[in-house]
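Engineer: Next come the chains, spelled out residue by residue.
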Amino acid sequence: RKGGADGSRKIGVIPKETVSVYWEGVRQGALKAGEEEGFDILWNGPEVETDREKQLQIIEDMIAQKVAGIVLAPSDRKALVPVVEKVHERGIPCVIVDSGVDTDKILSYMATDNYKGGVLAAQRMGEILGGKGKVIIVRWTPNSGSTDARLAGFTETLAKESPGIEIVDAQYPSPPTTDKARDVTDDMLTRNPAIDGIFACNATTAGGALTALRNADQGQKRIKMIGFDAWPMVVDGLEKGDLDSLIIQNPFKMGYEGVKAIVRHQKGQTVPKEVDTGVELITQDRLKDPKVRELLDSQI
Amino acid sequence: MNAPLPQAVADRDAALRMTGISKRFGPVQALCEVTFHTRAGSVHALVGENGAGKSTLMKILAGVYQPDSGSIEIHGKPQILANPAQAIEAGVSMIYQELDLAEHLTVAENIFLGAEPQGPLPFTVSHHQMAAQTRRLAEQYNFRIPPDAKVEDLSTGDCQIVEILKSLRRNASIIVMDEPTSSLSERETVRLFEVVRQLRKRGLSIIYISHRLEEIVELADEVSVLRDGQLVHSESITQLDIPKIVHHMVGRELTDFFPQRKANIGDVILEVAGLSSEAGVRDVAFQIRRGEIVGMAGLVGAGRTEIARAIFGVDARTSGRIVLEGRELDVTCPADAIASGIALLTEDRKRTGLCLQLPCSWNITLPNLAQIGMKSLICPAQEHRIAAEAGARMAVKWAGPEAPTDSLSGGNQQKLLIARWLLAHSTFMIFDEPTRGIDVGAKAEVYGLLNRLAEQGKALLFISSELPELFGIADRILVMRRGKLVGNLVTKQTTPEEVMHLAAVEEN
Amino acid sequence: MSKFVRQLLPFATLAIIVAALAALEPDTFLTTENFLNVLSRSSVNGIIAMGMTAVIISGGIDLSVGSMLALAGMVGAGVMLKAGGPDAGAAAMVLGTLVGIGAGFLCGLLNGVLITKLKLPPFIVTLGTMSAFRGLSYIINNSKMYDVPTYTFLGQSHLFGVPVSVLILALVVLFGFFVLRYTPLGRYTYAIGSNREAAFHAGVNVDRNLIAIYSMMGLFVGLAAMIQASRTISAQPTAGISLELDIIAAVVIGGASLAGGRGTVVGTIVGTLLISFLRNGCTLLGISTNIQLVVIGAIIIGAVALDQIARSKAEAS
Amino acid sequence: MSKFVRQLLPFATLAIIVAALAALEPDTFLTTENFLNVLSRSSVNGIIAMGMTAVIISGGIDLSVGSMLALAGMVGAGVMLKAGGPDAGAAAMVLGTLVGIGAGFLCGLLNGVLITKLKLPPFIVTLGTMSAFRGLSYIINNSKMYDVPTYTFLGQSHLFGVPVSVLILALVVLFGFFVLRYTPLGRYTYAIGSNREAAFHAGVNVDRNLIAIYSMMGLFVGLAAMIQASRTISAQPTAGISLELDIIAAVVIGGASLAGGRGTVVGTIVGTLLISFLRNGCTLLGISTNIQLVVIGAIIIGAVALDQIARSKAEAS
Ligand SMILES: Nc1ncnc2c1ncn2[C@@H]1O[C@H](COP(=O)(O)OP(=O)(O)OP(=O)(O)O)[C@@H](O)[C@H]1O
Ligand SMILES: Nc1ncnc2c1ncn2[C@@H]1O[C@H](COP(=O)(O)OP(=O)(O)OP(=O)(O)O)[C@@H](O)[C@H]1O
Ligand SMILES: [Mg+2]
Ligand SMILES: [Mg+2]
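Residue numbers (the numbering used here), protein chains in the order written: chain Y, 1 to 300; chain U, 1 to 508; chain A, 1 to 317; chain L, 1 to 317.
The set of hints was computed from the structure by calculation and includes no laboratory data.
As the structure is a prediction and not an experimental result, all values here were calculated from the model.
Be careful, since some hints might not be right.
Computed, partial: chain U to chain A, Cβ under 7 Å [said to hold, decoys possible]:
| hint | residue |
| --- | --- |
| 1 | E73 |
| 2 | I88 |
| 3 | E103 |
| 4 | L113 |
| 5 | E116 |
| 6 | F123 |
Ideal Cβ positions, reconstructed from N, Cα and C, are used throughout, including at glycine.
Kindly generate the complete structure, drawing on both the sequences and the hints.
Structural biologist: Next comes the structure, spelled out in C-alpha cells:
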C-alpha cells in the first residue's frame, strides 16, 4: 500500500458549504480525480457559509484522521489561518481552492480570478446598456473574499469604462438565502423604478433576483440581468432570455485539480503554486456550443 | 380494620358502590381496600386527617386516577372510569379541592367546557346559547354571576361559584364536593347549603368533604371516616357528634383542643397607625403587646391578608406608620421586614410558601441564611444539622432534611414553614390562616405552638376565618370589613354574634 | 374599555408604521405592487404563524418549524421531480404539493405524539426534532437542493390580480380564525393553555387535542414549504434557518402569551405584517439591514412591554 | 438510590459514547491531541453553558447568547485594534479582552434589567435583544469583521501542555460549581426557579438576584467571545448564529429543567462534552454531518425522556 506519510488513502475536501450546486461541481471534480488515483474523498463542510467555527472543527478532525491531504475552500481569509498553518505543520499538504487565505503555508492556490469575473460582467453591462443607465447589485454577505473581489471588479470597471452607468443600490440578503435574495431584489426594484440592469454576484443571489425580476418585469424583458455561477434555474432563465448572461467559473476543475495536486505532490512531482481555473461569460447564443454545454453540465 | 357497614346504609337505594378500592403512589399506600357506598337523595360526608385519602378516593370516582384494584358501580351498573370524560358520562361530577378553572375563558365557557352547545353550523360552538343557559342556571340556583366575565377577573369566591355551577350544569346524579367552602364567604356558604339541600331533595347523591366539622353536623346524613387510606367508620349522623367524629378520625380523644395559656402580656411591641395600602387597606391602626395573641376576623375579601402584606412589605403602603419595639420601620419588601424581625406565614403555602421541588432543609434555611451565619457561604453540614433540629422541634414527619419538600403531606408542609419562621427569631409573627385545609390533629398542634410562642414573649397576629379558633386562642379580636378596622374586642368580653355582626353589617 | 384599547395595540402600531412609511416614501411604498409584494412575502411566515398561534395558545411552542419547512419542501419537490422530471407537468406538481403538505403534517404529528405520549415539554421535543428534521432534509438529496423550474403556480402566479400565495394566506387566516373562535378544538386550545388540569377534569381529551394542534401546525408548515419552493422554484435544505424565532416574534407581538391561554389569529397576522412592512420600509428608506435588526428587536420588547402596561392599567381601572 | 442513578444518567451516556468511539477508532480518537481538540472547541460553548445553567435554574432562558458572543467579540477586538493597531501588543490585548468581557457583562445586565424592571418574560426580552445585539455587532464595523492577528493567547496557546482555553473552561466550571452550591446567590437561584413568589416572600431580593444571574451570563459570554476571537484571530459579526439552541440543548441534556429549579453545573458540562464528542466521533467515523444532526436530535429527546422515566421510577420505588 502506497500513499501518504502513514499510508493514508483519504483526501479531505472541505467546501464553504454543502448546499449550493456550485459546490457540487467541486465535489464531482474531486470524486473523479479520487477515482482515477484510487483515493477516498472525505467530503464534509458546514451547512451555511457563515459557520466558520464549524469549518475550523472539520479541518481539525481531518487532521486527526491523518488524511493524505486537504482541499479547502476557506470561508474566511483570516479566521482559518491558524488551522491551515497547523495542517502545514503536520506535514499534510493543503490545496486552497475558490477563495484565498492569508498564509503561504499551502501547497497550491487554485481559484477563479474573481476580480476578472467582475470585470467581464461590467464590460458586458456597458455593452448591452449602451454605456448609460441605472443598475442595482444584489450583493453577498460582506467579508466573503470571492464575492467582494467580483464586486470590486464590477464597480471599478464600470466607473472606468462606462461612467454613464450609475449603481443606484446594492443590498444583500440576510440571512443569505435565495428567498431573502428575492425579497431584497423586490424592494430594490420598488425603490428604484427606472432600473436598466441587475448584477447578482453569485448563484443564490442570481436565483433570488431572477424570480423577483420575472415578477416585476412580467415578460417584458426590459431589465437586463447578469448573474454569476451556473444553477439549473438560472441557466433555464438564460435559455428563456430572462437573463442576459452568466459569468461561469469552473468548480469541477477546482475539485479535480485540487485532488490531483495532492497526489502529484505525494509522488514527488512539483505543483504550481497558483492556478487560475478560468472564468468566462456565457450568453444565450453560446449555450449551444458543446464546450460550454460540457462546462455547464459538469456543475449543474 | 374495615368496620362493617350498617346494613341499612349499604343497601337502601345505593347510588354508588365503590368496593375494595386500593391505590398506591410510589411508596405511599394512599388507599387500601376501601369500600364506600352512598344513597340517592342524601348527603354523605367524607372526613379524615390530611393525607387520609379522601381526595384520592374521589379522584378515582371522577376518573382522574385509576385504582390498582377494586370496582365501581353506579346505580347498580358496573363502571370503568378510565378518564374524567367517562366519569362525567356515568353521571359523576366533581368540584375539586383546588380551583380548577381555565382563567382565560369566560364564566360560560368554563361552565360548558367539554360539552359546548352546537352552533348554527356543524363543528361550531354557540356562544349565545352558552351565555343564555349559564344565566338560566345561575338564576335557577339563585347565584349571581356574569356569564361573559373572564374568570381571571373574578374573586376567589366567585370562582368557587363557577365551579359549583359547572358541576350542577352536568345533570349528574352524583356530585362530589371536595372542601367547597374553604374560599366562600359566610353568605355564599349559606347559599351553597341551600343548593345542597335542594339537590338532595331532587334525589341526587352528594359526597361532601370538609375539615369544618360543624358543617358536617349541619348538613350530612351519613358520615364515613378515612384514616391512613382505610375506611374506619361509616354511620348515620344521628348516631354521631363532633367529638365522636374526631375520635374516629384521629383514633384517640382530642382533649385540650384549645390548650390553656398562662397569659403573660407585657408592653407594646408592635404599633400600626393610619395604615393604608394600594391593595385596599384603609386607615388601619392597632397595637400588639408582648406575649399577646391578637386574632383578626372578617369575611373573605375583608382585607385581612392585605394588612399582613402591607406590614410585610409585599404590597406598597400609601400611608401609615409601623413601629416595632419603639423603632419606626421603613419596610419596602419582605427582605426588609424579615431583617426587622417580622415573620409572615402566608395563607397559600403552595403559591407563596414553599419551593416544593427543593429539599426540606433548603426551605427551612431560605430566609435565614444570614441569621445562621451563612451570609456569604453555605456550609452544607451545618445547614443539615440546623434544619434537622428545626424540623425535630416541630415534629415534622419526613424522611430527613434532604427529602424533597413535595414528598411531605400538607400538614407537614405547614409545620415545615412554621419551623422556618421559628428559626428567624422574629419578635412579631403573622399567621394568615395557618389551619386552612389542615386536619383537626394538626390544628391542635398549631394552636399549642401559637401558645408556646406567645409564652416565649413574641407578639402574634392570628388571621382566621373560623370564629371558634379565634375565640379559642386569641386574647383580643380585631374585626375587618372592606379594608377597614371596625372592631377591637377583648375576647372574653364579646360573642361570636357580635363579631359576625361587625364583620357583615353594611355601612349605611 | 381599556381592555379594548389593549387589543387594538398591535393594530395601532401597524397603522402608525404604514402611515409613516406612506408619508415618507409615497411614490414607492404606497403602490399596489409594493403592497402585494409585501403580502406575498408574508405568506410563508403568515401561514406558519397561524399554526404557531394555536400551539402557543395551548401553552406549547414549536422550534422545529424552520427545519420542517426545509424537510417538507425537499420531500414535496423530490416527489415532484421523481414523478415528472425537471419539466414536471400539472399532475406531478399536484402530487408533489400534496406529498409536501403531507410530509409537514407527519412531522407535526410526530411532534404531537412525542409531546403527549412521552409527556415531554414541547420546547425539548421540538428542539430535538428541529435538529433531526434539518438532518433529514440534508440527507434526502445529499445536502443539495432540488430545482423545480416549472413549479410557479403557488408562489409566482396571480388570480384576479392578486398573488396566489396571498389568496392562500387569506384562506388560512380565515380558517384559523374560524377554528379558534367557533369550534370546540379552538375552545379546548385556549382551555388547555389556560389550565391543562382543568380541561382534563372537564372531560376534554387533552392528548388528542394537542396532537391535532401540532399536526395542524405541521400541515400549515407543509403548505408554506410548497409556497416557498414555488417562490424560488427550488427546494432548499437550508430553508427556514432561524425562522422559528421570527414566527414566535410575530405571534408574541400580536398579543399572545407564551404562558398559554392568550392569543388571537388577527393579532398574529397583524404581528406578521408589522415585521414585514417594517423590513420593507427600512429597505425602501435605505436603512441598512443592520439597523433593521436593532429596530425589530426593540419593537418585540416594546410591543410586549406596552401590552403589559396596558394590561396592568386595565386591571387597575 | 434510584435518584442517584438518575443523576448519573448523563455521565453514563457520555462514558458509553466515549468508550464506543475509543473501541471503533482507537488510532484517531484515543489520542491526547484529539481529546484536547475536543475540549478546546468545547470551551466556548462550555463557558456559555455555565451561565445558561444558572439562567435556566432560575426559571429563565437567554436566547441572545449567540448575538451577544458576536457583539462582545466585535467590541473587544475593535478596542484592541484601536488601542494597538494590527500588531497589538500585550497591553492592548489585555485592554481589549477586558473591554470585550465588560461588553458581555453589560449586555447581560441589560437583559436582567429589562426582565426584572419591565416584568417581561425572559424569552421575549432575549428574543428582542438577540436581534438587537446582532444588529449592533454588524453596525460596529459596517458588517465587516476585525482581524487581530497577534491575539493568540486565549485560544491558541498552551500552558503545561494544556490549551489555555481548556484551563479557563475548567476554572469557570469550578467557579460555577462553587457559586451554585455554596453561596446564597446559588441557593436563591434555585429558590427563584422553583417558586419565585415563595422566594420573594421568604425575603429573597428576586430582582437583584436575577440581574446578577443574567449579568453573570453576560460576563461568561464576554469571556467566551474573547476565546472565540482568539481561536480564529478575528472577531466576526456573524459569530454564534443559532448558538443559543446548542447551549440550551447541552444544559437540558445535563438534567436541567426549563421549568426552573433543577439543574447542575456538572450535568451541564457533561451535556456539553457529550455533544462535542458525538460530533467529533461521527466525523472521525466518517458519519456525515447530516446524520449527526438526526442523532443529536434523537439524543436530546432521548436524554430527557430517559430522565423522565427514571424520575417516575424513582418515585414509584
Ligand atoms: N398524585 C400523587 N402522587 C403521589 N402521591 C399522592 C398523589 N396524590 C396524593 N398522594 C398521596 O396520597 C395520600 C392521600 O392524599 P389525598 O390527597 O387523597 O388526601 P386527603 O385526604 O384529600 O387530604 P387533605 O385533607 O389534605 O386534602 C397522601 O399521602 C398524598 O401525599
Ligand atoms: N387573585 C385575585 N384577583 C382579583 N382579586 C382578588 C384576588 N385575590 C383577592 N382578591 C380580592 O382582594 C380583596 C381582598 O382579598 P382576600 O380575599 O385575600 O382578603 P382577606 O380578608 O384576607 O380574606 P381571606 O383571607 O379570608 O381570603 C377581595 O376583594 C378579593 O376579592
Ligand atoms: Mg384532599
Ligand atoms: Mg386572606
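Engineer: Indicate, hint by hint, whether the structure satisfies it.
Structural biologist: Consistency of the hints with the structure:
| no. | hint | verdict |
| --- | --- | --- |
| 1 | E73 | violated (21 Å) |
| 2 | I88 | holds (5 Å) |
| 3 | E103 | holds (6 Å) |
| 4 | L113 | holds (4 Å) |
| 5 | E116 | holds (5 Å) |
| 6 | F123 | holds (5 Å) |
The structure fails to meet hint 1 from the earlier list, while all remaining hints are met.
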